[in-house]
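Guided by the hints, dock chain Z onto chain G, whose structure is given.
Listed in order, the protein sequences are those of chains G and Z. Mapping to this note's numbering: the first sequence position 523 is 523, numbers consecutive. Mapping to this note's numbering: the second sequence position 26 is 26, numbers consecutive.
Careful, some of the hints might be misleading.
The list treats identical chains as interchangeable, and a pair is accepted whether it falls inside one copy or across any two copies.
[Said to hold, decoys possible] Restricting the straight-line Cα-Cα distance to at most 20 Å, the calculated cross-link-like pairs of lysine to aspartate or glutamate (EDC-like) are: (1) Lys534 - Asp129; (2) Lys57 - Glu70; (3) Lys57 - Glu526; (4) Lys540 - Asp511; (5) Lys198 - Glu336; (6) Lys540 - Glu526; (7) Lys346 - Glu336; (8) Lys540 - Glu411; (9) Lys540 - Asp129; (10) Lys54 - Glu70; (11) Lys540 - Asp506; (12) Lys102 - Glu329; (13) Lys340 - Asp420; (14) Lys534 - Glu454; (15) Lys128 - Glu573; (16) Lys54 - Glu80; (17) Lys450 - Glu581; (18) Lys319 - Glu56.
Source of the hints: derived by calculation from the structure; they are not laboratory data. A quick note: this is a predicted structure, and the numbers were derived from the prediction, not measured.
What follows is the residue order along each chain.
2 protein chains.
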Amino acid sequence: MPTRLSNYFLRTLREDPSDAEVTSHRLLVRAGYIRRQAPGVFAWLPIGLRVKAKIEKVVREEMAAAGAHEVHFPALLPREPYEVSGRWAEYGDALFRLQDRKGSDMLLAPTHEEVFTLLVKDLYNSYKDLPLSIYQIQDKYRDEARPRAGLLRGREFTMKDAYSFDYTDAGLDASYEAQRDAYERIFTRLGLEYVIVKADAGAMGGSRSEEFLHPTPVGEDTFVRSAGGYAANVEAFTTLVPEALSWDGLPPAQVFPTPDTPTIQTLVDSANRNQPRPDGRDWTAADTLKNVVLALTGLDGSRELVVVGLPGDRDVDLKRVEVAFAPAEVEAANDEDFAKHPGLVKGYIGPWSADGAVLGETSATGIRYLLDPRVVDGTEWITGANEHGHHVYGLVAGRDFQADGTVEAAEVLAGDPAPDGSGPVELARGMEIGHVFQLGRKYAEALGLKVLDENGKLVTVTMGSYGIGVTRILAIIAELTSDEKGLVWPPAVAPFDVHVIATGRDQVVFDTAESVVAAIEATGREVLYDDRPKVSPGVKFGDAELIGVPQIVIVGRGAADGVVELWDRRTGERTSLPVAEVASRLP
Amino acid sequence: MPTRLSNYFLRTLREDPSDAEVTSHRLLVRAGYIRRQAPGVFAWLPIGLRVKAKIEKVVREEMAAAGAHEVHFPALLPREPYEVSGRWAEYGDALFRLQDRKGSDMLLAPTHEEVFTLLVKDLYNSYKDLPLSIYQIQDKYRDEARPRAGLLRGREFTMKDAYSFDYTDAGLDASYEAQRDAYERIFTRLGLEYVIVKADAGAMGGSRSEEFLHPTPVGEDTFVRSAGGYAANVEAFTTLVPEALSWDGLPPAQVFPTPDTPTIQTLVDSANRNQPRPDGRDWTAADTLKNVVLALTGLDGSRELVVVGLPGDRDVDLKRVEVAFAPAEVEAANDEDFAKHPGLVKGYIGPWSADGAVLGETSATGIRYLLDPRVVDGTEWITGANEHGHHVYGLVAGRDFQADGTVEAAEVLAGDPAPDGSGPVELARGMEIGHVFQLGRKYAEALGLKVLDENGKLVTVTMGSYGIGVTRILAIIAELTSDEKGLVWPPAVAPFDVHVIATGRDQVVFDTAESVVAAIEATGREVLYDDRPKVSPGVKFGDAELIGVPQIVIVGRGAADGVVELWDRRTGERTSLPVAEVASRLP
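One chain only, chain G, in its complex shape (with noise of 0.2 Å):
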């Protein structure tokens, strides 16, 4: 039986919707496939469900094939595992709370490691019983600050959680494995290019941790890959560290005044001036050491200042910033944090003064300065002087300063050597589709999930995490192959193999389009009927380029005559057939 346009709830939109940021949202709300309930909350509309449905498709096959067993948790959940594990609080604002009539702490899941550990603390107790993988394709929830992009970042979202159990860190490798390999055969089913990427693990902990995704110009995720294969998103990207280099016979640093430098180029046009090079050639930002002040907010409500140095030729990279500094957040100082600490003259922060150390292990502020990697001993730069109105020249690390330690803090620039050795690296972008990664025993060790081994004795067991988001995917495979027109669906995940449309008024129309329909049916492909009597043939024609079933068959006037028009919704190209032919000429 087709589904009939004629009685489905289903109705186009003209206009889009106002808060429509990307393709995805506008296109699948104008056509039917989903309705904005509140910011980052959408309701599926029967059209809408059949792509999301076919996806999970997909994914349940290959979680079954890579001998993962489907499970279901419950969205509402106590707060006491997720207190034990420190996710709770880590979680910030993102997490919805609620309390029930009793007064109960209770939340919304955004993830569910707590949980899926609890459950296999219940049931299992020996190492015969691993290894193990569960997974669910379930709705989670986040509560994100700005919920835009339609299903791309949601607040009320569709997943696919995977969990793997093992007793050994082989096990764990193996499982990782199938997972990994379970969503490359996904990603290729549903036709998305895909890049692996080495991966920050996050709030999440864990050691091996990689995210697929989907190279794009309009990714909000940067990644960067050397030609020798190295990839790795920038939060996860680490610095080939330089020699350090010997300060033997460098001359001693001098304080110079350098009024009106507010800004590295300024400073930089200011030593030129009036401090050229002793070799002649020009300064330039990478000569000096620029020296930003964060303020860190400890999950506990605490407060604490951090100075990064970084060549002046970087910016910090708040991404990297925040993974660095993880779970506590990260902002600029303000001038509150510069009045309590006299001793940083904003403009001119440096390690040193003419008094000797300012910041660094052997100083007594109190506040942690953390050195870029690049900044390695026997390096020479021209810093801030914690003087108004003066820097220092020929500073040189090690000599002069010390730091209490390094991070990974400055952005990753194109041509940067990738720290596999595998050479230069280039940024691109992408879209996150997948991530896999070891959570190791994290979880396990903090709930006590323990089982006996083959000796008998007690060991922890390490797990793996496995996501994808499958509403998130259906956004960005519309995003993707959608075109002026509107949504132009990938077979894979068609809501329909074809779209049959009867125009005009002629009965013999209906007539024939009712024999295609069967026709096509008898094949096994799913037929969207365009049957609706009074509706012009120009708005049935939109209606279909805007829906995206792959397959347009068009029984117009030709009907009389036997034919009728095949039209393929992606290259545009119309071909006229014999009645007889349009099943068996399907692709």
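Only chain Z this time, still in chain G's reference frame:
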């Protein structure tokens, strides 16, 4: 491919869960179908998900047959629509409320009338678009005061909720009948006996309303039925009102002292001793008028006292009282209430005193006096005289006192006449398995859902709402079909069709079992294969009985001779069969 118990995520438990109050909860946990996460909140394990999916499939097929389209709404919704409908307040503590990071009020939806109404309002505007029936199978939330009985009354539960939209009353009737018919087909397919009873619409408002109850002595709902075909739950039962009588010639009321008559029975005894009936018969409790003082708390927090007068042979039925005064909350008046109304003499309350009317439309107490419909004009009563230690005899309704109205608050007793004249009713117990009702224009009016009719006039849409608790039905089926050994699924919802057990250590047993499994699967049946190599036959048989797959095939010692046993889980009957015949002999 069969599901192999050697690596299936299923563990049966020997012990009953300590918090299980009912059989279904106990067995579903022990057999590895569900696990509790919080009071009234459960996770679904793989075998449980299979049963749930089968029930959902039956529901989906019958919804499609009824012409309903599937959609899917979020659980997390904004407050506004529920504010407009009044349900934000009406739901009281049963609604899970929360705030997002911006402080916006949100809720976890208990049902979705409001947002379905708004969706249709968004997309439809003409009578030509109607009728429309849309539904979802979705997780709902109600913060039950006493979540108990496992899935029978959870706080997170899966429900099929359908909504119909029409622009005429006749259209609503037709949509209602289509859903009602679908429910009959669903319950028939699921093998669930049902009675359709008139129901009160409760907090939902509306006109026609029927519940599908499964009749069972352990049901939590009471319903009545007459031999003549009347059926209603007790909340919806209405009293067949007797004819009013003439009070011509009745003697005047008289006050008598009645010390030590704290109960109806002591009052009746006192009356028979001291004020014998003129006709010589004994007074009975039915001759007394009991006056119960209730305190109603409105949604706005206001407290109002109401006195309910009813024959002394009946108690008030709290469920009927709740419906009668909904959405107010009802409790017995407390000492503080009495202190504020000295006119009500506790233990001796009546509508009349020697000084005149105390309650009823002629009184000035401001307390509403509502009578059971049986207390018609001309009936004579023994009741409190509003004077400590005194009652009044021969008090005649209509002559000596009036009421402010009637109320259906008295309990229904076996033998009461059905309101449709179909004879006396009997009382029975049942479990609610479905509910269909006509919302009428309540939600459409509140939320402004109108369409243009044939004459171009805007008319308000009329709606129906139709619910089936999917997880509740699953629990009821488990409850009804189980026996002392475990679950016994009916074939329509069984997680597998056949459970094959290999017992023993001989290779021939496992080889034979594999071929039996393959032969059974070739018939299209789903197989759970207990291939565990080191588990004793006793444990395997016990697990099979607990898990409850309807047909069990035992491959054991006889395998060497080509013989296996077919074991019917329900009857316990075992039949020896040649291996080659197993697949064809399965029922």
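Go through the numbered hints given earlier and state which of them the structure violates, listing their numbers in rising order. Checked against the structure, the hints that fail are numbers 5, 8, 13, 15, 16, 17, 18, while the rest are satisfied.
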